[in-house]
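Note that the protein sequences, when read in sequence, are chains A and B.
The numbering used here applies: residue 1 is where the first sequence begins, and numbers increase by one.
The numbering used here applies: residue 1001 is where the second sequence begins, and numbers increase by one.
For the record, the hints were derived by calculation from the structure and aren't laboratory data.
All C-beta atoms in this analysis are idealised placements derived from N, C-alpha and C, irrespective of residue type, glycine included.
Check the hints yourself; a few may be wrong.
Said to hold, decoys possible - Label pairs and their calculated CB-CB ranges:
1) A:Ser79 to B:Lys1093: 46 to 52 Å
2) B:Arg1220 to A:Leu59: 53 to 59 Å
3) B:Met1394 to A:Leu59: 32 to 38 Å
4) B:Asp1367 to A:Asn94: 27 to 33 Å
5) A:Pro78 to B:Arg1477: 45 to 51 Å
6) A:Leu17 to B:Lys1015: 28 to 34 Å
7) A:Ser13 to B:Thr1314: 53 to 59 Å
8) A:Lys27 to B:Glu1139: 51 to 57 Å
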Amino acid sequence: MAQFPIIDNRFHSKHKLIETCHQTLLKQYPGLQVRWVRIYGKRWAHLYGDMEGISHQSLKMQLNPSYGICIDNPELIPSGDLDGIINRLKERLND
Amino acid sequence: MQAAKVQEMIKNVIKPEQIERYMNKGKDFIDEAYIDGLLLLKKRPEKEEIRAIITKSLDLQRLEPEETAALLNCRDEDLWQEMYTAGLTIKEKVYGRRIVTFAPLYISNHCVNSCVYCGFRHENKESIRQQLNMDELGEEIKALVSKGHKRLIMVYGEHPDSGAEYIAETLKLAYSTKVGNGEIRRANVNAAPMSIEDLRILKEVGIGTFQVFQETYHHRTYQKMHPRGVKANYGWRLYASHRAQEAGVDDVGIGALFGLYDWKFEVMGLLAHTIDLEKKFGGVGPHTISFPRIEPAVNTPFIEKSSYKIDDDTFKKLVTVIRLSVPYTGMILTARETARVRQEVIPVGISQIDAGSNIGIGGYAKDALDYNRQQFILGDNRSLDEAVQDLARMGKITSFCTADYRCGRTGNCFMGMAKSAKIHNLCMPNAVLTFKEYLLDYASEETIKVGAPLIEKELAALENPAVKEKCLEYLHRIEAGERDLFF
């Protein structure tokens, strides 16, 4: 049975970058639950990453007008690191 | 001029390659001989078989067609009682005790189609035609927001004037309208089937769910019901949700209109549709399933003549079978049904209803009924406040939650959480928070009296102490004037 891409932007070059960032984050902070989203107005459509985590302290950040990130357990990242990570992600996605 | 525009539309809108690409060896997924054969094969199911199927549903596993056929043919009323109970258990296991509430907003009744059961059909001269301009639409949205609605299903006839660009503009307006503390946070769309290219236009402006009902899955009946117009093409409609998924609109709604053909066949059709979507899109089936019954419409004699109309008891049964067949999917029961029927059917597994509905074009701003501008006649004309109050008396908390699609919990992510019965951990606290907003901003004294204890009860019922604490903190912040806090 043929499989069709759910989100066409999956094959956009940004997606490769997101996958790499995702793996880097998981390597650095094992157990981190990260969900990447594509932003369409109010709709934050699931793009890549965690699909199981249920969090009540989720961190939701817009990285640029088109992409965002949701971290369900941001407490795994030392508070001093978090701002730097978000800033770096914003820079990379805006390149 | 207008007639030429319509002819041009009929000629250009359907893209055969966007039907064929989803077909299996040139055939669509509705195999009538197979469905009829299963219904015959499972004509007299054994008690043990039915109970084994109920157990599978309670385990939140989607049923296979032969299992659904067995349930549909059950004649033992005691077993039906067991199925009703199971329906409620499943729904609460997946979504909790909340009922999500929305309003339908009819925007245009211009239509090129000739559906014999529909008050909006092209040939119906008694239907007063109107398409809301942006000022009129703004008034409608303000009227809805002022009543407390946060979620809409925006409805459009199939017509060149209601193309994707127009729909996108109406969505933008819906999202940008604010009245006091109120705003529309999720706008779903019920519109004609579109191409992948047009669906991408709707995706870009933040569409919620894209909903297209097949009406009837039975090929021959479909042709009889839709003799002319774009809608006469069965395949174009059948794969509307597939195209939406491929365009990245990963929350889709399907439905059948009961009363056009045999109800058991239609339930099997809905299941086949679900299975085909799941197979082709990585396990993501419909976000919602709807099951409207045909209702009277102005100058539409077909409805009186249909021999496939179903009674209330059969309706409750079919809703139950859908709940058991696709345990993790949202199910919508609309105000087509009377308040009495809704109170009877909600407890077998409904997760969403509309309330305070007015389906006349421009009806909310005028605050009046106008049958000549309606597609059909509603059965439940209670106000939103009355419906919320009645649900509270039934022990159900009304949810205006729209959090999932604003947190990346769409498509396969949402479906994964629903299938593993995790989503209720978010649904219930979000229901409490949005219900609190409603009580503070819009509810009558009587509704506050019935609703406030429900908030206390549901807050106490939250199992996770950290969630309870956070929810309590959010409730205090809402009381202090903040809005739109969610998990």
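Here is how each hint holds up against the structure:
1. A:Ser79 to B:Lys1093: 46 to 52 Å: violated (37 Å)
2. B:Arg1220 to A:Leu59: 53 to 59 Å: holds (55 Å)
3. B:Met1394 to A:Leu59: 32 to 38 Å: For Met1394 (chain B) and Leu59 (chain A) the Cβ distance comes to about 37 Å; the hint holds.
4. B:Asp1367 to A:Asn94: 27 to 33 Å: violated (48 Å)
5. A:Pro78 to B:Arg1477: 45 to 51 Å: Once the Cβ atoms are compared, 27 Å apart, the range 45 to 51 Å for Arg1477 (chain B) and Pro78 (chain A) is violated.
6. A:Leu17 to B:Lys1015: 28 to 34 Å: holds (33 Å)
7. A:Ser13 to B:Thr1314: 53 to 59 Å: Since the Cβ atoms of Ser13 (chain A) and Thr1314 (chain B) sit about 54 Å apart, the hinted range of 53 to 59 Å holds.
8. A:Lys27 to B:Glu1139: 51 to 57 Å: At 54 Å between Cβs, range holds.
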